[in-house]
Amino acid sequence: MERSIYRPALVVIVGVLGFLIAVSFNTNARLVEAVPDRASDLVGVVRDMEEQRLELEDRLADLRDEMEGLEREAAEDAGVSDTFTRELAEARALAGLTAVTGPGVELTLGDGSDVAPGVDPNDYLIHDTDISAVVNALLADGAEAVEINGERVVATTPIRCAGTTVLVNAARLGSPYVIRAIGDSESLERAVIEDPVASLLFTTYANQFGLQVGVTRLTNVEIAEYRGSLRPMFAAPVEGVSGS
Amino acid sequence: MMVLALALGLGIALGLLTDIAIPAALITYLGVAVLAAIDACLGGVRASLERTFDDKVFISGFITNTLMAAFIVFVGDRIGVRELYLAAVVAFGIRLFDNLGTVRRLMFSRWGW
Chain A
9 MERSIYRPAL
19 VVIVGVLGFL
29 IAVSFNTNAR
39 LVEAVPDRAS
49 DLVGVVRDME
59 EQRLELEDRL
69 ADLRDEMEGL
79 EREAAEDAGV
89 SDTFTRELAE
99 ARALAGLTAV
109 TGPGVELTLG
119 DGSDVAPGVD
129 PNDYLIHDTD
139 ISAVVNALLA
149 DGAEAVEING
159 ERVVATTPIR
169 CAGTTVLVNA
179 ARLGSPYVIR
189 AIGDSESLER
199 AVIEDPVASL
209 LFTTYANQFG
219 LQVGVTRLTN
229 VEIAEYRGSL
239 RPMFAAPVEG
249 VSGS
Chain B
62 MMVLALALGL
72 GIALGLLTDI
82 AIPAALITYL
92 GVAVLAAIDA
102 CLGGVRASLE
112 RTFDDKVFIS
122 GFITNTLMAA
132 FIVFVGDRIG
142 VRELYLAAVV
152 AFGIRLFDNL
162 GTVRRLMFSR
172 WGW
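From first to last, the protein sequence lines are chains A and B. In terms of the numbering used here, the first sequence has 206 at position 198, counting the first letter as 1, and numbering is strictly consecutive. In terms of the numbering used here, the second sequence has 127 at position 66, counting the first letter as 1, and numbering is strictly consecutive.
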């Protein structure tokens with residue numbers, strides 16, 4: 009083989025080129041690794057938190073049962089009349105801490121299908137405001153208990169938008185939304201159908217956007233108890249006013 | 062040619078084995094540096110084949126080209142025209158193919174094809 013025509017300087021720079029190529033390869037490999045990691049991390053965090061919440065709800069239910077037993081015992085011990093226990097049970101039922109049953113209505117609100125081109129796809133979805141309007145109409149008509157997809161509506165229940173889902177209490181709910189209410193079923197049905205805001209869902213919007221809606225009167229509706237926390241941190245009872 | 066291929070392989074192996082990486086923000090600088098190095102190497106090969114290779118010209122050309130390219134990237138970052146680095150990429154790219162074509166023709170004549 010003849011003597012190489014290439015000078016040492018060129019050979020060195022070619023080596024440097026190889027090194028630079030390898031470094032950029034390393035850097036890119038790390039970037040590609042890093043991106044999906046973060047997304048799956050966050051998904052994992054959300055899943056963990058939701059699992060944790062469910063566990064805590066179970067524990068809360070256990071503790072509530074225990075407390076009920078203790079309250080009953082205490083009432084018996086103190087020789088307080090049955091009226092007190094009954095009043096307590098009524099207050100719990102109204103506060104939403106016990107599952108209740110009775111006549112009422114079941115409303116279904118489902119997202120529309122077949123989004124027409126050029127139309128805002130938001131129009132085809134059931135929003136938190138739609139659910140609020142329906143729940144409001146029911147409560148205004150005297151519904152005694154309301155739940156949305158098994159989430160009991162209590163005095164502190166928020167109904168708000170959370171991306172593609174609706175947040176009720178601490179649960180993320182998705183379409184279709186099944187709202188059950190206990191009360192005078194005929195009156196409740198009329199209340200929703202005649203409510204200026206809620207009625208649009210069942211007439212204009214349902215026809216225009218294909219929303220899956222329905223109202224059914226039922227002789228027996230079962231509504232679940234509130235499973236979240238109800239511990240006041242800031243509100244304290246006013247002194248000198250008797251509770252119940 | 063064998064020597065150059067060997068040097069390139071050695072450099073790549075060294076980089077992969079040491080597993081050195083740079084911060085993600087500097088990846089543009091590295092890309093432009095790689096282009097400058099490819100351009101310099103092809104230019105060097107061409108000069109060698111034309112028997113006009115000069116260490117001084119080669120080394121100074123490599124260093125100033127790389128620094129200028131890095132400077133353009135830096136200025137682009139600062140004035141908010143991040144795409145300014147494309148100027149260096151295009152300039153190096155055109156020279157690269159120009160040199161490659163010449164090297165190819167020189168090799169044919171050198172080996173008498």
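Accuracy of the hints is not assured; some may be wrong.
[Said to hold, decoys possible] Pairwise CB distance ranges (calculated): (1) B:L77 with A:T137: 19 to 29 Å; (2) A:A17 with B:R166: 17 to 27 Å; (3) A:T173 with B:I155: 48 to 58 Å; (4) A:I13 with B:S121: 44 to 54 Å; (5) B:I140 with A:P240: 52 to 62 Å; (6) B:G154 with A:R168: 18 to 28 Å; (7) A:M241 with B:L77: 53 to 63 Å.
Hints are computed from structural coordinates only; laboratory data are not their basis. Yeah, the Cβ is synthetic: ideal placement off N, Cα and C, and Gly gets one too.
To see whether the hints hold, each was checked on the structure:
For L77 (chain B) and T137 (chain A), the Cβ-Cβ distance of about 57 Å falls outside the hinted range of 19 to 29 Å, so the restraint is violated. At about 24 Å, the beta-carbon gap between A17 (chain A) and R166 (chain B) stays in the expected band of 17 to 27 Å. Checked against the hint of 48 to 58 Å, the C-beta distance between T173 (chain A) and I155 (chain B) comes to roughly 53 Å, which is consistent with it. For I13 (chain A) and S121 (chain B), the hinted distance range of 44 to 54 Å is not satisfied, since their beta carbons lie about 21 Å from each other.
Distance hint for I140 (chain B) and P240 (chain A): a CB-CB separation of about 57 Å, consistent with the stated range 52 to 62 Å. With their beta carbons about 53 Å apart, G154 (chain B) and R168 (chain A) fall outside the hinted range of 18 to 28 Å. Distance hint for M241 (chain A) and L77 (chain B): a CB-CB separation of about 58 Å, consistent with the stated range 53 to 63 Å.
Comparing the model with each numbered hint stated earlier shows that hints 1, 4, 6 do not hold.
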